[in-house]
Amino acid sequence: MDDQSLTTEGLPPAGHGKVLLIACGAIAREVLAVVESGGWDHLTLTCLPAILHNTPERICDAVRGAVERHRGEFASIYVLYADCGTGGGLERLCAELGVEMLRGPHCYSFFEGNAAFEARDEITAFYLTDFLVRQFDAFVTKPLGLDRHPELRDMYFEHYTKLVYQAQTRDPALEAKARDCAAKLGLEYEYRFTGFGDLAEEIGAWAVRG
Amino acid sequence: MAEEEDDIILSELNDEELSLQMHDDLYDGLKEEIEEGVNILLERGWEPYRVLTEALVSGMTIVGNDFRDGILFVPEVLLAANAMKGGMAILKPLLAETGAPRMGKMVIGTVKGDIHDIGKNLVSMMMEGAGFEVVDLGINNAVDAYLEAAAAEGADIIGMSALLTTTMPYMKVVIDSLVEKGMREDYIVLVGGAPLNEEFGKAIGADAYCRDAAVAVETAKEYMLRKHNQLAAG
Numbered sequence: 001m002d003d004q005s006l007t008t009e010g011l012p013p014a015g016h017g018k019v020l021l022i023a024c025g026a027i028a029r030e031v032l033a034v035v036e037s038g039g040w041d042h043l044t045l046t047c048l049p050a051i052l053h054n055t056p057e058r059i060c061d062a063v064r065g066a067v068e069r070h071r072g073e074f075a076s077i078y079v080l081y082a083d084c085g086t087g088g089g090l091e092r093l094c095a096e097l098g099v100e101m102l103r104g105p106h107c108y109s110f111f112e113g114n115a116a117f118e119a120r121d122e123i124t125a126f127y128l129t130d131f132l133v134r135q136f137d138a139f140v141t142k143p144l145g146l147d148r149h150p151e152l153r154d155m156y157f158e159h160y161t162k163l164v165y166q167a168q169t170r171d172p173a174l175e176a177k178a179r180d181c182a183a184k185l186g187l188e189y190e191y192r193f194t195g196f197g198d199l200a201e202e203i204g205a206w207a208v209r210g
Numbered sequence: 001m002a003e004e005e006d007d008i009i010l011s012e013l014n015d016e017e018l019s020l021q022m023h024d025d026l027y028d029g030l031k032e033e034i035e036e037g038v039n040i041l042l043e044r045g046w047e048p049y050r051v052l053t054e055a056l057v058s059g060m061t062i063v064g065n066d067f068r069d070g071i072l073f074v075p076e077v078l079l080a081a082n083a084m085k086g087g088m089a090i091l092k093p094l095l096a097e098t099g100a101p102r103m104g105k106m107v108i109g110t111v112k113g114d115i116h117d118i119g120k121n122l123v124s125m126m127m128e129g130a131g132f133e134v135v136d137l138g139i140n141n142a143v144d145a146y147l148e149a150a151a152a153e154g155a156d157i158i159g160m161s162a163l164l165t166t167t168m169p170y171m172k173v174v175i176d177s178l179v180e181k182g183m184r185e186d187y188i189v190l191v192g193g194a195p196l197n198e199e200f201g202k203a204i205g206a207d208a209y210c211r212d213a214a215v216a217v218e219t220a221k222e223y224m225l226r227k228h229n230q231l232a233a234g
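Residue numbers (full-length UniProt numbering), protein chains in the order written: chain A, 1 to 210; chain B, 1 to 234.
In case anyone wonders, no lab produced these hints; they're calculated from the structure.
Check each hint, because a few of them may be wrong.
[Unchecked claim] No more than 25 Å apart at the CA atoms, straight line, and that leaves these computed lysine-lysine pairs for BS3-like:
| id | chain 1 | residue 1 | chain 2 | residue 2 |
| --- | --- | --- | --- | --- |
| 1 | A | K162 | B | K181 |
| 2 | A | K142 | B | K31 |
| 3 | B | K105 | B | K181 |
Generate the whole structure from the sequences, applying the supplied hints.
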């Protein structure tokens, strides 16, 4: 499981459990860490390409396809996406398909804990997670054209004031890279250790229910 | 296109060739060439409004169409917009002096909680290019900012923009306030932003959802025409 393939291809079902977790590739490592720490062998993980993060209008169709493709093979299915820019579309889809999904607007929120994140009411923060720090070029530099046209940076980021690195793990190398990302974007840097936040709690509840 | 740029001397082109070359230069985001082209056309006696519409706006429309069709992407559109901005900076004071047509007045801003203004800036620029007077309220606007500016400026149109699904519902708050204060009929309300769609625009009571800057201009023109016709019939 490498970051590049999680970004562009996702992850085929891995495991023999009868409960399928369909997740965004950007949280694959965190989901697996939670599953492994709980010893929940009955959970199987599959991921959609993480790069869907940049085109949220495509997320619902991708989730629908994955649920329909795997429905016959598993006893139950859970969707590990929050709203993720679908404007309530994913919630409506999951209700239609009869599957549950993660609560909250996006991973930045559930990693910190939805209640705590909402209380911050930060509108000028640009967030990175462990995965997004590792894949900064694939998710930020290249899609925004900053590799070819660095002069565009301030048009994109002039109203942001800081880059917040929400760390799921304690990793000095990632922290150094996140600090470098902030410098590249011309933003103040803030480190915020979140761990897995609400994600662990929600997977735990689903693991018990099966 | 870009490979040929070094060989082309803009001042040696005739008017039609230069105008077409400026479309190419806009497409390629070449700000300095656009500024040079604007100055050449002005020196040749073109009215500022003609330079604006025939050289810049029509070139930017091609950019907008190719963005809509998935041929160009956001970075290229931003470069083109930046080039057009260079040309507009030369033309704007001249347009005010030469009495270019006035289509109407718009106040525009991103809604409360939203700092993403790329789309809003593109709309502002294209509206100005189409002869609208634009009062740009910037980012993160609460209800009062829209209502007070619209009233103070005597605006015809209120434009609201949002990039986030978490902020776009605030557009309804603004429209509901207009209704509550009995001001809804005073303004044409146009909304736009990546996560919006026509259904959302209708649901919140906007006059129209505008998919992109070019559509915003055409929609604004259409509604202004209706307004004038209603007043004339009135």
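A quick look at each hint next to the structure:
Between K162/A and K181/B, the direct Cα distance comes to roughly 38 Å. Violation of the 25 Å bound is thereby established for this hinted pair. Proximity of K142/A to K31/B is assessed by CA-CA distance (about 22 Å); at most 25 Å being required, the pair is judged to hold. A hinted pair counts as satisfied when its Cα atoms are at most 25 Å apart, and K105/B with K181/B qualifies at roughly 21 Å.
Violated hints amount to a single one, hint 1; each of the other numbered hints is respected by the structure.
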